[in-house]
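Based on the provided sequences and hints, a complete structural model is requested.
In order, the protein sequences belong to chains A and B. Sequential numbering from 1 applies to the first sequence in the UniProt record's numbering. Sequential numbering from 1 applies to the second sequence in the UniProt record's numbering.
Careful: at least some of the hints might be erroneous.
If you only want the chain B side, here are some residues facing chain A, beta carbon under 7 Å, derived [said to hold, decoys possible]:
#1 206
#2 209
#3 213
#4 214
#5 218
#6 412
Below, computed lysine-lysine pairings styled on DSSO-like, alpha-carbon distance capped at 30 Å [claimed, not checked]:
#7 A:232 / A:136
#8 A:165 / A:136
#9 A:169 / B:563
#10 B:563 / A:165
#11 B:285 / B:212
#12 B:394 / B:285
#13 B:354 / B:394
#14 A:136 / B:563
#15 A:136 / A:169
Rather than coming from a laboratory, the hints here were simulated on the basis of the structure. Where a beta carbon is used, it is the ideal one built from N, C-alpha and C, also for glycine.
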Amino acid sequence: MDADPPDLDCFRLVDEPYYTPVGNEIALFEAAYRAQVPLMLKGPTGCGKTRFVEHMAWRLQRPLITIACHEDMTAADLVGRYLLDAQGTVWRDGPLTQAVRGGAICYLDEIVEARQDTTVVIHPLTDERRVLPLDKRNEVVAAPSGFFLVISYNPGYQSAVKDLKESTKQRFAAIDFTYAAAAREADIVAREAGIDAGLAEKLVRIAAASRNLGHRALEEGASTRTLIRAGKLIARGIGAAEACDMAIVAPLTDDADTRGALRSVVAACL
Amino acid sequence: MTAALRRDPDPDASAALERLLSRRPALHAGFLAAQAQARRHLGAAGLPHWAALVGALYHANAGPAVLEALWGIERRILPGAGLDTEATLWQATRTLCRHAGSRTTLAILGPLAARLSYGGDGRELAARLAALAGLAERAPDALAPLAAVLAQVMQELPPEPMAQWLADGLALHATDRRRRAAYFGLEDPLARRRLADLAGAVRFAPHEERLKLVTQALFGLAPEVRVIADPALIRPRLAGGLLLMPQGFPDLRAEDAAAFFEAAVTHAACHGAFTRARFTVGRMKPVQIALVSLLEDARVERLAARAYPGLGRLWRRFHTAEAASARTVASLFARLARALADPDFRDEDGWIAKARALFERAFTEDAGRQGFVPEIARILGHDLGQLRIPFDTKAYRVEPAYRDDGLGLFDWDETDPDNDDVLELVVEAARLRQEEADAAPPDSAPAPAGGARMKGAVPQEESTIAGLYPEWDHRLRTELADHVTVRLHAPAAVGASALKARLDAAGSIAARLDALMRRARLDRPTRLRRRLDGEEIDLEAAQEAMLARRLGELPDPRIHALKRRQGRDVALMLLLDVSQSTADPVGRDGESVLSTAALAVGLLGAALDGVGDPFAALAFASNGREDVRITELKRFAERWEAALPRLAGLRPAYSTRLGAAIRHGAAGLAAQATHRRVLVVVTDGEPSDIDVEDEAYLAEDARRAVADARGQGLDVFCVALGAVADRAAAAIFGRRNSFPITRVEELPARLAALYFQLTVR
Ligand SMILES: Nc1ncnc2c1ncn2[C@@H]1O[C@H](COP(=O)(O)OP(=O)(O)O)[C@@H](O)[C@H]1O
Ligand SMILES: [Mg+2]
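Spelled out as structure tokens, the structure:
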């Protein structure tokens, strides 16, 4: 019943994804990859985890399959399911199975969003067995050496209902991510949004101030991603204050006082 | 009322009037002086207009005293007043005289004139006078009582809010002269409350939460702000970690308040971030102390503006001093403050230029070196002495007004014992430290004791303030902010055995509830069929699809199935009215309304405990707006057992301020994360309270509170016990959302059933 390894060329990254390292995460990732230790990237949203994985896939010349986890995701969504066609039913591999067969890097983004009965399907891939059982098909797929499992995990969002099982967490080695230091973050924003360095610095200052409100008025401060969005809007001719309101302030909070405070912060920084 | 000038007044009007008044010796001299003055300031072109205005008032039989009073006012305002102000002054006075009589008009003009200073432009007075004339046209009887308190009203309200306050009085008491007199004489508590509300349009409180976040974000620190009602506190003051904020700023307009307070709080935060050590007083003179404070203000603001240029813009808004040649401390210091804050500001004064140069050089060299501040202050202070420009500690005010008064920047213990000049400042600084000490334990500090509160409203038992809530005044169509104080009163500790026995005795009811509960629980997983997506194939659907294909038809692609647990997702907040009327007996066995309701809540609580819905219950009553009394029967996080003794301990007392209770309950419920949030009020009457006369007031407020709660996504219902409650509830909650229970004995059997009816699909 073994299928040929699928052709995952369309999942290969041709151009180098731009990534500025914050510490020695590149070396750590490479080592984990070589040692076949599955990896957890911990850190707030929008701080560059996804970009980092893309960069590493390019560097290691592996195809990359990214799966954005969500609450309604089922094990079948990961592993695969039977579909019907003219002849009857056919099996269709899910993205995880594809990645295993093809020896790709599989990145499960925001894994806590998935329900726990879904995430257990990755367990056999994360220990010495390195296999993926497909119960419905009565098949066990062994992972080739190129296969590598990476998950991202945002510790800021922990809640009673949504957290990783301890048994899941401990199957991974972890790299802590934070936002890049101000100067570097400004470089990233300037480059990604196509705006000048002075403006990028101001945006980064807004973010830094908003991060002072993390765990109080806000769950998390403004991420690098929101800064880039604001920058892109400004580059398209939107007024700076308006762009910040749209891309930074409004998405962060609905509370009137907090919004007012963030608007003042934006006004102070611009 | 608008003042209009006649387009072409008689060019000889002035001369004609002069002839006329020459026959009135009492007026003639005064007229000639006023005429000369008018000619000087209004010019030959303005004079006929002026004469026409005076003549009109004269012919309205205003009487000499009124004319004299206006001429007196002109003496103060004419250098600055234009013809339009003049027109308003004379025409409004004429209206006043016509409707309210000369004597009352004089009584009104007196306090108005007393507020004038020389050299003003009279606009403020004209605006007030116009508003008063408008009132005189519609309610002339209101002017006499008003005249007696006008000084106080003007003290608290700028012209525009004053006009609003006058209009409110008219709107409230359009017909009842007696009540109108009470309002305008400030005897009606509502009039005082309205005055306070309008005066409080520029209060700090609405900005506090936001500004805490602003400084936390920008500087990583949030100075704790205390609003202090002490007439001696004119500027904000730093006191240790506190920022003391004056209760009012007389010149602050409501539309500037947000920016002003932001400027004040961020300025204070700058000191927190950049003033590393307090300055030593030693032998400094008061003028040097003021200069140190001014220069340090500039230094910390400039440091902050490096990272936050927008703050620089914010602060500059309040620098309004213009370049001038005046060499008074007030003028020079305000201009220097501006010069250091605003590089584009031009001022030719030599002292300012020197100060600027010294500051810029030192700041460029090492902005972080706080020590350069007293060095420059010494030089500049010395120069002022050479220029013989006196410094008056008492009269000096830091400008702009958002800045702290600087006293908090100094170490007063290090004052040289021979330095008598700063004695006053030392005393004032010691006073503020007392304030600081009084305020030291911010959590444990009890509410200030004694006279500040309304008499009779101070609750005797232990209570903690749970929140301030607004109230809706339907006549004013305004929300009165922070109008109601909700206090948590500890439940009486009572054994629950009697209540438990009654609950057990209500076995038949409980059995029926069990059946309802089982239906409500819905805890079996259900299979959702015919899905586009799913964990498994829906075999039936798949079969049909294959069939369809074979037949060449278009198959339905929804062939998957899902298993899901569809749990209930409802939270309940129950508000139980425990006002005095619930002491009334019910039915034959003589149980009170309250104890019947307690039994009903007990049954409901047990049922909810079985279903697992998050559930909280509050008992409410009120004793005036200062004391809306909430007793927590059960909090969401608590076990149901905890509630029984409290439920048993409830005693009927006080009144029913329903809106406040709803607001408080809604606030607690809104925090629940369930899909549906249900607020149920159980009440036996209509809203009422000891400090409210207007029958519709509390009902309208409750209606508003219900609408607000619905706006937050809450479902609000009322269980109304008896006919009176039913009528009131229908108006407040809407017919469809109130459930009348005419026979209160039935409540225990009905309440829980009703809840499930509301929450099961
Ligand atoms: N170190 C970095 N180097 C380059 N770009 C970065 C870096 N960190 C963040 N970014 C930018 O921020 C954006 C959001 O990052 P992303 O990787 O999507 O965040 P995350 O996966 O952590 O939520 C990226 O699209 C990229 O433009
Ligand atoms: Mg200051």
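Checked hints:
{"no.": "1", "hint": "206", "verdict": "9 Å, violated"}
{"no.": "2", "hint": "209", "verdict": "4 Å, holds"}
{"no.": "3", "hint": "213", "verdict": "3 Å, holds"}
{"no.": "4", "hint": "214", "verdict": "5 Å, holds"}
{"no.": "5", "hint": "218", "verdict": "5 Å, holds"}
{"no.": "6", "hint": "412", "verdict": "33 Å, violated"}
{"no.": "7", "hint": "A:232 / A:136", "verdict": "47 Å, violated"}
{"no.": "8", "hint": "A:165 / A:136", "verdict": "25 Å, holds"}
{"no.": "9", "hint": "A:169 / B:563", "verdict": "26 Å, holds"}
{"no.": "10", "hint": "B:563 / A:165", "verdict": "22 Å, holds"}
{"no.": "11", "hint": "B:285 / B:212", "verdict": "35 Å, violated"}
{"no.": "12", "hint": "B:394 / B:285", "verdict": "14 Å, holds"}
{"no.": "13", "hint": "B:354 / B:394", "verdict": "26 Å, holds"}
{"no.": "14", "hint": "A:136 / B:563", "verdict": "17 Å, holds"}
{"no.": "15", "hint": "A:136 / A:169", "verdict": "26 Å, holds"}
When the structure is compared with the earlier hints, violations turn up for hints 1, 6, 7 and 11 and for no others.
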